[in-house]
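S.K.: Below, each chain spelled out in residue letters.
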Amino acid sequence: MSSKLSLRKKIIMRTISQSVVILFSGEIIMRGQHDMLTKIIAFIPIVFFLSILFYTNRKDCEPRDEMARFNQLKAGNLSYSITLCAIGLVMFYALWFKTSVVISLLNLVFIFVAMYILNLAIFLFYDIRGN
Amino acid sequence: MPKLITKIKEYRAKNNMKQEELAQLIGVRRETIGHLENGKYNPSLKMAMDIAKVFMVSVEELFQFMD
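In the order they appear, the protein sequences are chains A and B. All the letters of the first sequence, read from the start, carry residue numbers 0 to 130 under numbering that gives the first Met the number 0. All the letters of the second sequence, read from the start, carry residue numbers 0 to 66 under numbering that gives the first Met the number 0.
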């Protein structure tokens, strides 16, 4: 009898695979090169992502019960608030020092992935600690 | 605020049932049952009724408020 895949493990695997894809894509776009090697490298995260997606979908998983849904909602709310605060802080900094804030595409990718990982960490915190 | 206490652990022991088995019967994760038993999660009405149905008792018997 094959064991069931834990919901936490499934969420962690998916988040990490998606983060890797986003990071690699950002890095490749930043390079701006369109040679053969870049195209081949671009396939690596996609294959990685698809294989994890295939594995997590094929393997029997625990039900996504109401506590998990509730925790995901709470984690989403907190991540959203943290992101809003961070944006507010950057805007305040820009206004206070009368300077413009330039964020590169790669930095934007890093910020997005960081938000994604933060959301996962908050979810795991709520899910392990309880409400 | 009154705290919700539960007798799930007691009834589970009486029925010689594991957390995993109860979780499967009501379609939730084992972690949820663990958190319920430790008073770290307040269940929805549906989940409370599902658990009560498994043990064939009333919801009031299974869940009580303590001041």
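You may find that some hints are simply not true.
[Stated by the list, open to error] Quick list of the computed label-pair ranges, beta carbon to beta carbon:
| hint | chain 1 | residue 1 | chain 2 | residue 2 | range |
| --- | --- | --- | --- | --- | --- |
| 1 | A | L77 | B | I4 | 20 to 30 Å |
| 2 | A | R68 | B | K13 | 56 to 66 Å |
| 3 | B | G33 | A | K73 | 10 to 20 Å |
| 4 | A | R128 | B | F64 | 36 to 46 Å |
| 5 | B | K52 | A | R68 | 30 to 40 Å |
| 6 | A | A41 | B | F64 | 51 to 61 Å |
| 7 | B | E9 | A | L49 | 26 to 36 Å |
| 8 | A | F96 | B | K45 | 23 to 33 Å |
No lab work stands behind these hints, which were simulated from the structure alone. Every residue gets a Cβ at the ideal spot worked out from N, C-alpha and C, and that includes glycine.
S.K.: Confirm or reject each hint.
M.R.: Status of each hint after checking the structure:
{"no.": "1", "hint": "A:L77 / B:I4: 20 to 30 Å", "result": "holds (28 Å)"}
{"no.": "2", "hint": "A:R68 / B:K13: 56 to 66 Å", "result": "violated (30 Å)"}
{"no.": "3", "hint": "B:G33 / A:K73: 10 to 20 Å", "result": "holds (18 Å)"}
{"no.": "4", "hint": "A:R128 / B:F64: 36 to 46 Å", "result": "violated (22 Å)"}
{"no.": "5", "hint": "B:K52 / A:R68: 30 to 40 Å", "result": "violated (21 Å)"}
{"no.": "6", "hint": "A:A41 / B:F64: 51 to 61 Å", "result": "holds (58 Å)"}
{"no.": "7", "hint": "B:E9 / A:L49: 26 to 36 Å", "result": "violated (47 Å)"}
{"no.": "8", "hint": "A:F96 / B:K45: 23 to 33 Å", "result": "violated (53 Å)"}
In this structure, the earlier hints numbered 2, 4, 5, 7 and 8 are contradicted, and the remaining ones agree with it.
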